[in-house]
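Trainee: What follows is the residue order along each chain.
2 protein chains.
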Amino acid sequence: MMGAKYLTKATNLAKHIISAVVQEGDTVIDATMGNGNDTLYLRKMVGNTGKVIAFDIQEKAIENTKKLLQSFHMADAVELIHDGHENMDLYVFQEVSAVMFNLGYLPKGDHHIVTKPDTTIIAIEKALSLLKRNGIITIAVYHGHEEGMIEKDQVLAYATTLDQNQFHVLRLDFINQKNNPPFLLVIEKK
Amino acid sequence: MMGAKYLTKATNLAKHIISAVVQEGDTVIDATMGNGNDTLYLRKMVGNTGKVIAFDIQEKAIENTKKLLQSFHMADAVELIHDGHENMDLYVFQEVSAVMFNLGYLPKGDHHIVTKPDTTIIAIEKALSLLKRNGIITIAVYHGHEEGMIEKDQVLAYATTLDQNQFHVLRLDFINQKNNPPFLLVIEKK
Numbered sequence: 001m002m003g004a005k006y007l008t009k010a011t012n013l014a015k016h017i018i019s020a021v022v023q024e025g026d027t028v029i030d031a032t033m034g035n036g037n038d039t040l041y042l043r044k045m046v047g048n049t050g051k052v053i054a055f056d057i058q059e060k061a062i063e064n065t066k067k068l069l070q071s072f073h074m075a076d077a078v079e080l081i082h083d084g085h086e087n088m089d090l091y092v093f094q095e096v097s098a099v100m101f102n103l104g105y106l107p108k109g110d111h112h113i114v115t116k117p118d119t120t121i122i123a124i125e126k127a128l129s130l131l132k133r134n135g136i137i138t139i140a141v142y143h144g145h146e147e148g149m150i151e152k153d154q155v156l157a158y159a160t161t162l163d164q165n166q167f168h169v170l171r172l173d174f175i176n177q178k179n180n181p182p183f184l185l186v187i188e189k190k
Numbered sequence: 001m002m003g004a005k006y007l008t009k010a011t012n013l014a015k016h017i018i019s020a021v022v023q024e025g026d027t028v029i030d031a032t033m034g035n036g037n038d039t040l041y042l043r044k045m046v047g048n049t050g051k052v053i054a055f056d057i058q059e060k061a062i063e064n065t066k067k068l069l070q071s072f073h074m075a076d077a078v079e080l081i082h083d084g085h086e087n088m089d090l091y092v093f094q095e096v097s098a099v100m101f102n103l104g105y106l107p108k109g110d111h112h113i114v115t116k117p118d119t120t121i122i123a124i125e126k127a128l129s130l131l132k133r134n135g136i137i138t139i140a141v142y143h144g145h146e147e148g149m150i151e152k153d154q155v156l157a158y159a160t161t162l163d164q165n166q167f168h169v170l171r172l173d174f175i176n177q178k179n180n181p182p183f184l185l186v187i188e189k190k
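If you read the sequences in order, they're chains A and B. Read in the numbering used here, the first sequence has 161 at position 161, and its numbers run on one by one without any break. Read in the numbering used here, the second sequence has 31 at position 31, and its numbers run on one by one without any break.
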């Protein structure tokens, strides 16, 4: 069977970068809990001395994530917050080393409930202000759906104008794939 | 002092990816020897049981690279070839795990001597055919100079059409930097 080993997909690239940055004991944020894959990944990175704070507006996401964490005996050191990521500053009161975003809809959930440009950009701004030096934000951008196209443009317009003296913004794109594959944005605070 | 730690520049990202792929004992190619930085980096990766085959059309590049390697006592296990990378198939007769390209001109050298789209694309094609499964090509694309703009467009046009069933092509761009920073292309053979 043929398969890529290193350049697999945007979400794997995000995990790879996160694993280079996040240390045991860190506080980190999963801005889009979804089915909890990134929450679990972050929990493994920070260990039980760290803290993961995860957000979602859907009750279903909280349930799925709680079950996933429990099945790995990793529900401790994680706060699952049923609120939008644009309110993260109401829950997080310390610097974080990483924030992960997966834009779009809940996989296997209601595809009509999607992240929205306005709240996404507020959430990214707040994430940047919570980030410590050399902390990283990863944003997997799905733009196959109609609202996703608009969100993509607005998020890119925002990220492109971030001051290069304060932040480095890297865009990672699979340029030879059909059907609008997601791309990844990574922002490091200098 | 403020500085980025993870998202530094295209050439460092290339080295980071190369270090994940290349093993001791591998055969690898530096397609654009220049002042020998990548040649030395590759030599460290493959050790004295591996082989680095490096190409440049400028005598100055061969001299600088030889000196650099000797200063690190690493001139063994390296072949420095005074010929264009478009002829690499005349010198390499085995599969390789990695090929590195730095397009543009020789740093601190004659800025009128630059890589050219036609020969660059022939070299990339030949590199792809020499690559083993899950082998990687990195291409740092400099497009600040006039010929670089044209080369960029042609290399991108070529890379974008590579069959996604055979290759994954990732483009890494610092999207918030001024003055046309180089970007990186990474190609993995599936």
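Do not rely on the hints blindly, as some may be mistaken.
Here are the simulated lysine-lysine pairs, DSS-like style, with alpha carbons at most 30 Å apart [unchecked claim]:
| id | chain 1 | residue 1 | chain 2 | residue 2 |
| --- | --- | --- | --- | --- |
| 1 | A | K44 | B | K9 |
| 2 | B | K178 | B | K67 |
| 3 | B | K51 | A | K126 |
| 4 | B | K15 | A | K132 |
| 5 | B | K132 | B | K178 |
| 6 | A | K132 | B | K178 |
| 7 | B | K190 | B | K108 |
| 8 | B | K44 | A | K15 |
| 9 | B | K60 | B | K126 |
| 10 | A | K51 | B | K5 |
| 11 | A | K178 | B | K44 |
| 12 | A | K126 | B | K9 |
| 13 | A | K44 | B | K178 |
| 14 | A | K108 | A | K190 |
| 15 | B | K190 | B | K60 |
| 16 | A | K15 | B | K116 |
Everything labelled a hint here was simulated from the structure, so no lab data went into it.
Trainee: Starting from K44 of chain B, check that the Cα of K15 of chain A is at most 30 Å away, please.
Mentor: Roughly 27 Å between the alpha carbons, so the hint for K44 of chain B and K15 of chain A holds.
Trainee: Would you mind confirming whether the straight-line C-alpha gap from K132 of chain A to K178 of chain B stays at or under 30 Å?
Mentor: Holds - the C-alpha atoms of K178 of chain B and K132 of chain A are around 24 Å apart, at most 30 Å.
Trainee: Given the hinted pair K15 of chain B and K132 of chain A, is their alpha-carbon gap at most 30 Å?
Mentor: holds (25 Å)
Trainee: Just to be careful, I want the Cα atoms of K178 of chain A and K44 of chain B compared with a cutoff of 30 Å; is the pair within it?
Mentor: violated (37 Å)
Trainee: Is the Cα-Cα distance between K51 of chain A and K5 of chain B 30 Å or less?
Mentor: holds (23 Å)
Trainee: CA of K190 of chain B to CA of K108 of chain B, is that 30 Å or under?
Mentor: The given pair, whose Cα atoms are some 37 Å apart, is violated under the 30 Å limit.
Trainee: Just to be careful, I want the Cα atoms of K44 of chain A and K9 of chain B compared with a cutoff of 30 Å; is the pair within it?
Mentor: Given that 30 Å is the threshold and the Cα spacing comes to 29 Å, the pair holds.
Trainee: Does K67 of chain B lie within 30 Å of K178 of chain B when you go C-alpha to C-alpha?
Mentor: violated (34 Å)
Trainee: Need the status of pair K15 of chain A, K116 of chain B: alpha-carbon distance at most 30 Å?
Mentor: violated (37 Å)
Trainee: Does K44 of chain A pair with K178 of chain B here, judged by a C-alpha cut-off of 30 Å?
Mentor: violated (37 Å)
Trainee: Take a quick look at whether K108 of chain A and K190 of chain A sit within 30 Å of each other, Cα to Cα.
Mentor: violated (37 Å)
Trainee: Does K178 of chain B sit within 30 Å of K132 of chain B, going by the straight-line distance between their CA atoms?
Mentor: Answer violated: K132 of chain B to K178 of chain B is near 37 Å, above 30 Å.
Of the numbered hints listed earlier, those contradicted by the structure are 2, 3, 5, 7, 11, 13, 14, 15 and 16.
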